[in-house]
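Engineer: What follows is each chain in one-letter form.
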Amino acid sequence: MLKDLFRKQKRYITVRPGTVPEREEEKEPLWIKCPGCGEILYVRELEKGLKVCSKCRYHFRLSAPERIAATVDDNTFQELDGDLQAVDPLSFPGYRSKLSSAEQETGMRDAILTGQGTIDGRSVLIGALEPNFVMGSMGCIVGEKITRLIERAIENKLPVILFSASGGARMQEGVFSLMQMAKTSAAIARLHEAGILYVSVLTDPTTGGVLASFAALGDIILAEPGALIGFAGRRVTEQTLKEKLPPDFQTAEFCFNHGLIDLIVPRNEMRQILAQILSLHSERG
Amino acid sequence: MPNVILDFEKPLLELENRIAELKQYAGEKGIDLEAEINILENRLRDLKKEIYENLTPWQRTQLARHPERPNALDYFKLLFTDFLPLCGDRCCGDDPALVGGIARFEGVPVTVIGHMKGHNTKENLARNFGMPNPEGFRKALRLAQQAEKFGRSVISLIDTPGAYSGAGAEERGQAWAIASNLFAFSRLKTPIIVIITGEGGSGGALALGVGDVLLMLENAIFSVISPEGCAAILWKDAQRAPEAASVLKLTASELLSLGLIDGVIPEPLGGAHRDPEGTADNIRAEIRRRLQELRQIDAEQLVAARWGRLRRIGCF
Ligand SMILES: [Zn+2]
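For the record, the sequence lines run as chains F and P.
Residue 191 in my numbering sits at position 97 of the first sequence; the count goes up by one each step and never skips.
Residue 226 in my numbering sits at position 214 of the second sequence; the count goes up by one each step and never skips.
Rather than coming from a laboratory, the hints here were simulated on the basis of the structure.
A virtual CB, placed ideally from N, CA and C, is assigned to each residue, including glycine.
Among the hints, erroneous ones may be present.
Just some of the chain F residues that point at chain P, by a computed CB distance under 7 Å [to be verified]:
{"id": "1", "residue": "Pro129"}
{"id": "2", "residue": "Gly130"}
{"id": "3", "residue": "Cys131"}
{"id": "4", "residue": "Glu133"}
{"id": "5", "residue": "His153"}
{"id": "6", "residue": "Ala263"}
{"id": "7", "residue": "Met265"}
{"id": "8", "residue": "Gly268"}
{"id": "9", "residue": "Val269"}
{"id": "10", "residue": "Gly303"}
{"id": "11", "residue": "Ser307"}
{"id": "12", "residue": "Phe325"}
{"id": "13", "residue": "Val330"}
{"id": "14", "residue": "Leu372"}
{"id": "15", "residue": "Leu374"}
Start from the sequences, fold in the hints, and give me the full structure.
Structural biologist: Given below as structure tokens:
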């Protein structure tokens, strides 16, 4: 199933640690300029290095399939609820066409990929938000898939890992989206009562209603370096305050310095840190 | 008479002024103008009905935000006795944009929390326009947990443009505070009644919004984004907020028919700000009925049912 996703993928190429990704589309650019240092990078090299700039360590965004592939053991991922598809409950202007172009662009049905796999041999239920599907926003499908993943975790006593990359609640589904914040948070409260581990990983960008719900509720919260992480948009905050904000405002580093997250983990160490966390939780102390 | 008159209320104001003038004239001159006054008063009643029974979503938004609309402390006074304000999050400070405490509802102790707006600029500056910082949300959580400990029900009143988006709010974990409330309120072993009395603005509203029943006053709104914000995103033009208000389905009646809220509490004709006592009477009747039901349910079942309600929300 994951393979199908990659096949439909236009903008991304599979990234598997330790393997050379195959080129899927001939028209992919060969070179890309790093937003971090301005260096011109060879795309194939960039992808080999999990899309981290070799010069300045700038972390390019990963698609949801790339994220899953970079995290779970090879050939262990089994997608769940992949058939769920958004409807347009409010008949919101332009929403249907936005959904279909997002589907075309990303090869995904909505802004999250969930499933089961192993990390270093240990089973996990894992989900990754897709930043390029309507800005990774949470509507009914994202809320439902996360909730189902958590229910499965409770049923099978398996740990949960969620990678966030989202602009927040999805405006086009109105209060339905807003209530997914409550639904996912309440699901995590039940997971918590069941004594099951939940690791939340904040990647660029994690904002608004996603941060203010499941993403902030991990037993352990990790973040990628340089990721934008904050509740209100920087522009909104600047307008509110009518002053310029420090350059590190609402970054992973800012959150770390204010005690809001546990660790900043570079992408090339993420798998190893997750494996260590899973191992440390594999038996009671 | 309210001091702030909305555009669509102006025809009412004119009629009301004319009636007042006639009455004064009749009194001064000792002339009997009762027939004329009666005609105008009938016309006023019809016009009121016509205007308030056909409000557009944007007009309701304006009513929901009306500066003279009763705020949390007004309702505390109207609905409860023995109100004892309790303050502070036990960490950083006390948030004036979110008030709470203990009171009696028809004799029974309850915990009350609510966003707090002002009625004028000075009050609003003191209350940060009803936009809480993390301290406010943490205070609400503390009071709700205290309610659980002492077996009190929680009455939560929502009226906020949203959570405050200041640099300090970000530093002190605004998103974490909201998420913690969603998490903890969903498992509290005590009845929680939530009423959106004015503006239900996004995550800052939802932070007080997880409970066993979610009700809205007739002219309250509840939305994932403000109509202005929505218009700015959709059409790059915040001036088109009235259109956005229609698109967002943010009124009580629309949300009820979408199954997203449990009930609508009627407001007296003309809106809550023209008759706070009448509005409070309607709220009181609803709280009484709901509390009676909820108090009979055992705590485990209550929490399971609360989860069940949230679990079902979604369209696909
Ligand atoms: Zn670079």
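Engineer: Hint by hint, which ones does the structure fall short of?
Structural biologist: 1, 2, 3, 4, 5, 14 and 15
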